[in-house]
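Once you know that position 29 of the sequence shown is 56 in my numbering, the rest is easy, because the numbers rise by one and skip nothing.
Think of the hints as simulated: they come from the structure by calculation, not from any bench.
Treat the hints with caution; some may be incorrect.
[Stated by the list, open to error] Calculated cross-link-like contacts (lysine-lysine; reagent style PhoX-like; alpha-carbon spacing at most 25 Å): (1) Lys90 - Lys128; (2) Lys77 - Lys89; (3) Lys77 - Lys51; (4) Lys97 - Lys42; (5) Lys77 - Lys90; (6) Lys128 - Lys51; (7) Lys97 - Lys77; (8) Lys51 - Lys97; (9) Lys128 - Lys42; (10) Lys42 - Lys104.
[What the hints assert, rightly or not] Pairwise CB distance ranges (calculated): (11) Val103 - Tyr130: 48 to 54 Å; (12) Tyr130 - Asp98: 40 to 46 Å; (13) Ala36 - Lys121: 21 to 27 Å; (14) Gln62 - Val108: 20 to 26 Å; (15) Thr83 - Phe139: 38 to 44 Å; (16) Thr102 - Ile41: 35 to 41 Å.
All of these numbers come straight from a predicted model, not from anything done at the bench.
All residues carry an ideal CB built from backbone N, CA and C; glycine is no exception.
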Amino acid sequence: CNGCGDCEAPCPVIKPNMFEVGMKPRKAIYINHPQVVPLLYTIDFDSCVKCGLCVTACGPEKKAIDLEAKDEFITVKVGTVILATGFDIFPIEKKEEWGYKRYENVITSLEFERLICASGPTG
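Working from the sequences, and respecting the hints, build out all of it.
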């Protein structure tokens with residue numbers, strides 16, 4: 028993959044983009060977020076219907092997409108491992124008194140962060 032994006036447009040699958048907190052759609056083949064390194068496309072095989080349109084768009088000269096690829100386990104020697112455990116997003120729907128999804132001006136802090144970000148769903 029050289030990151031050209033020719034594969035994304037023909038993909039028929041449309042899913043909520045969870046990086047954008049579901050406020051913007053994405054395809055089954057997509058770039059995870061604008062600052063990802065390397066800036067290359069990934070395939071969500073749980074959503075992919077394996078229609079092959081991305082393979083055709085990519086072209087036979089690049090051969091960057093293999094829809095039949097199998098998982099491969101490799102051993103890599105490293106000097107350091109950084110573990111980031113992350114967090115779970117609070118299920119705001121459980122707090123009905125806050126009016127989330129009932130009033131359009133009630134949003135979560137994560138939705139607000141994505142809305143004001145230059146690379147967010149509002150551009």
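Taking the hints in turn, this is what the structure says about them:
1. Lys90 - Lys128: violated (44 Å)
2. Lys77 - Lys89: Judged against 25 Å, a Cα distance of about 18 Å means the pair holds.
3. Lys77 - Lys51: holds (23 Å)
4. Lys97 - Lys42: holds (23 Å)
5. Lys77 - Lys90: This hinted pair holds, its Cα atoms lying about 16 Å apart.
6. Lys128 - Lys51: With Cα atoms ~16 Å apart, Lys128 and Lys51 stay inside 25 Å; holds.
7. Lys97 - Lys77: holds (14 Å)
8. Lys51 - Lys97: With Cα atoms ~30 Å apart, Lys51 and Lys97 exceed 25 Å; violated.
9. Lys128 - Lys42: holds (20 Å)
10. Lys42 - Lys104: This hinted pair is violated, its Cα atoms lying about 36 Å apart.
11. Val103 - Tyr130: 48 to 54 Å: Once the Cβ atoms are compared, 49 Å apart, the range 48 to 54 Å for Tyr130 and Val103 holds.
12. Tyr130 - Asp98: 40 to 46 Å: holds (45 Å)
13. Ala36 - Lys121: 21 to 27 Å: violated (38 Å)
14. Gln62 - Val108: 20 to 26 Å: holds (22 Å)
15. Thr83 - Phe139: 38 to 44 Å: holds (40 Å)
16. Thr102 - Ile41: 35 to 41 Å: At 37 Å between Cβs, range holds.
The structure shown violates the earlier hints numbered 1, 8, 10 and 13.
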